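Participant: Dock chain A against the given chain G, drawing on the hints supplied.
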Amino acid sequence: MSADASAAAGRLASAAADGGVIHNIGYRRYDAARLGRAQIVRALIWHSFRAAFGIGRGAKAKIFPILLFVLMCLPAAVNAIGLALNPGSTPAVTYDGYTPQLRVVAMLIFVALEAPNLVSNDLRNHTLPLYFARPISRLDYPLAKLVAFLLACLAMIEIPLLLLYLGIVTQVHGASQVWEQTLQLGPGLLYGAAWAVLLASLGLLLASTTGKRVFAICAIGIPLFFSYILANVLAHIGQQAFGPAGFGQPSTLTSLAGLISPFTLLGGVLRWLEKAPAPGGPPVREVMQTTVGNYGPLYGAVFLVLTVAAIVGLFARYRKVGVA
Amino acid sequence: MITQPVRQAGGHPPPDPGAVIDARGLTKRYGTTVTALDDLTVSVEPGVTGLIGANGAGKSTLIKILLGLLEPTTGKAAVLGHDCVADGFVIRTLTGYMPEHDCLPPDVTATELVTHLGRMSGLPATAARERAADSLRHVGLYEERYRQIGTYSTGMKQRVKLAQALVGDPRLLLLDEPTNGLDPAGRTAMLELIARIGTEFGISILVASHLLGEIEQICDQLVAIDAGRLLRADSIRSMTQASSVLVIEVDEGLDLLQADLSRRGLNPLPYQRGLLVQLASDATYDTVRDAVADLGLPLSRMEQRRHRIEELFRADPAEQLGQTTGAASVS
Numbered sequence: 001m002s003a004d005a006s007a008a009a010g011r012l013a014s015a016a017a018d019g020g021v022i023h024n025i026g027y028r029r030y031d032a033a034r035l036g037r038a039q040i041v042r043a044l045i046w047h048s049f050r051a052a053f054g055i056g057r058g059a060k061a062k063i064f065p066i067l068l069f070v071l072m073c074l075p076a077a078v079n080a081i082g083l084a085l086n087p088g089s090t091p092a093v094t095y096d097g098y099t100p101q102l103r104v105v106a107m108l109i110f111v112a113l114e115a116p117n118l119v120s121n122d123l124r125n126h127t128l129p130l131y132f133a134r135p136i137s138r139l140d141y142p143l144a145k146l147v148a149f150l151l152a153c154l155a156m157i158e159i160p161l162l163l164l165y166l167g168i169v170t171q172v173h174g175a176s177q178v179w180e181q182t183l184q185l186g187p188g189l190l191y192g193a194a195w196a197v198l199l200a201s202l203g204l205l206l207a208s209t210t211g212k213r214v215f216a217i218c219a220i221g222i223p224l225f226f227s228y229i230l231a232n233v234l235a236h237i238g239q240q241a242f243g244p245a246g247f248g249q250p251s252t253l254t255s256l257a258g259l260i261s262p263f264t265l266l267g268g269v270l271r272w273l274e275k276a277p278a279p280g281g282p283p284v285r286e287v288m289q290t291t292v293g294n295y296g297p298l299y300g301a302v303f304l305v306l307t308v309a310a311i312v313g314l315f316a317r318y319r320k321v322g323v324a
Numbered sequence: 001m002i003t004q005p006v007r008q009a010g011g012h013p014p015p016d017p018g019a020v021i022d023a024r025g026l027t028k029r030y031g032t033t034v035t036a037l038d039d040l041t042v043s044v045e046p047g048v049t050g051l052i053g054a055n056g057a058g059k060s061t062l063i064k065i066l067l068g069l070l071e072p073t074t075g076k077a078a079v080l081g082h083d084c085v086a087d088g089f090v091i092r093t094l095t096g097y098m099p100e101h102d103c104l105p106p107d108v109t110a111t112e113l114v115t116h117l118g119r120m121s122g123l124p125a126t127a128a129r130e131r132a133a134d135s136l137r138h139v140g141l142y143e144e145r146y147r148q149i150g151t152y153s154t155g156m157k158q159r160v161k162l163a164q165a166l167v168g169d170p171r172l173l174l175l176d177e178p179t180n181g182l183d184p185a186g187r188t189a190m191l192e193l194i195a196r197i198g199t200e201f202g203i204s205i206l207v208a209s210h211l212l213g214e215i216e217q218i219c220d221q222l223v224a225i226d227a228g229r230l231l232r233a234d235s236i237r238s239m240t241q242a243s244s245v246l247v248i249e250v251d252e253g254l255d256l257l258q259a260d261l262s263r264r265g266l267n268p269l270p271y272q273r274g275l276l277v278q279l280a281s282d283a284t285y286d287t288v289r290d291a292v293a294d295l296g297l298p299l300s301r302m303e304q305r306r307h308r309i310e311e312l313f314r315a316d317p318a319e320q321l322g323q324t325t326g327a328a329s330v331s
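Just so you know, the protein sequences line up as chains G and A, in that order. For what it's worth, the working numbering labels the leading residue of the first sequence as 1, then goes sequentially. For what it's worth, the working numbering labels the leading residue of the second sequence as 1, then goes sequentially.
So here's chain G without its partners, still in its complex pose (with noise of 0.2 Å):
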């Protein structure tokens, strides 16, 4: 028996001597080519994107983000089904408008719930060490984080979107009013673009402060709600107090309480670029009970100051955090 031939039998020997588990597979090197940093953070966007949605976490993790995605897809499913029972008929939803009340709720649920999920667990297990020592910069893993769940976020509430856009689309008849649905579909896209970023980066940056995960749902549920009570309540109160903005502008209380809270914030915003009604024209609709007055461009400022701020302290909270 040769030398190799003993080892060999003498390899398996002791690998039935471990009680039949044969760990003895030889090591296998790695040749081929490696991901580059960018694919890597690539990598890190569609593992924390599929987080947001509990994909990869066991099923319990899925069951809230699901849910909430079925309910802001209804008003979309209600739409089409009421379009497609009464043909002709003006569609009940609006782009912009995408039942405001729901979408509040739905999202502040949503952010709160899933945030925490994608930074504060790598807090609290300790885990930001083992991305660190890879090949990835120190501010690529807030990135991907902030991307993956921007995206997460868009998908929340762009998808009930365009599912509202083809239930409408199927209904009607001819180019122009597909073209007309279209160009109505644009803004109010946009809008919602405005929600995925200012609730994205607000999100992780208060789910960033803590590693525990009730702690940082509450840490965003908490004063996303009460400043959405606040604001509404400061509002009203402005209007009780100064009147109701019948013939002039609305009361500065009522017209800066939105300022409060992020979903009143985008609110203003959206009702600062609307057009202005034409005279005679229908009236502006209550889009999310904000109104904004003469300050329309201090709602577009703060919401600005508002993104940048939460992105900018997100990063600068990676860039100090310990590496073990």
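Since the hints were derived computationally from the structure, they do not count as laboratory data. If you're wondering where the values come from, they're calculated on a predicted model, not measured in any experiment. All the pointers check out, no bait thrown in.
Straight-line distance between alpha carbons at most 30 Å, and here's what the computed DSSO-like set of lysine-lysine pairs gives: (1) 157/A / 212/G; (2) 60/G / 212/G; (3) 157/A / 320/G; (4) 62/G / 157/A; (5) 62/G / 212/G; (6) 157/A / 60/G; (7) 320/G / 212/G.
Facilitator: Frame of chain G; chain A shown alone:
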């Protein structure tokens, strides 16, 4: 293995071209008060190397500098010929890192985690899946790999940590206290695994530990640091030979035994509940056996001491044994 020469820092010997790790005058200070590494110059050859030091000696800091995660205050370091500050990306592609502390999410399976981290190491999706399965099999977790990590024992979690370090096919593994939290059997298994990776897989390993007795079994070389300074870097043989001691415990008659061993020229010293003698050769065992047998004492323990680094490099038994036995003297 080396691809480019390391620039030489002033005042230090020239870099070793065959070294997997080469540190020159490495200093890391946090603020003005804390010095984690203090002018550390050391060269690590391929093979399994133990990085020995008490807690807080600077082991983890050194590893993080080697990974390019921390910048040294002064000095230079190179891993596999790549500068740690300038080429962190390359180094982290070629290096697998096993952190000291818990770092595993409990709610994913080992396969999912290791596959994902394989992708993060730059493997394409298919290769990441294959190598994750391979790595988990190498560490002995093949059957359990579809279970959530939260259900694993500490030993299994340590194996997952090792598997994720291995998944990217590294040329060098940096293992920070891999036996942390393991029971004796788990420690032995983990050490065997590390030794196998070092010898059969041909991957160089730097394994940090505060337990010399543990990793001396598997290391080719030892690097001992204390308070951020190099105590000694040498092959394992030359390092431990001069310091082997034998602990003897008897249930009764300790004084008698001490006197008898002194007569036989062993110079025993009281240590805890037993005696400590210098282990010169196998004959020492015989001498002790004869002494115990002649006195008819109930021998309860006789073993080669597992040194803890503090004892080997500092006071305690070394001081007690002193010049006469010449044990454990490292300047």
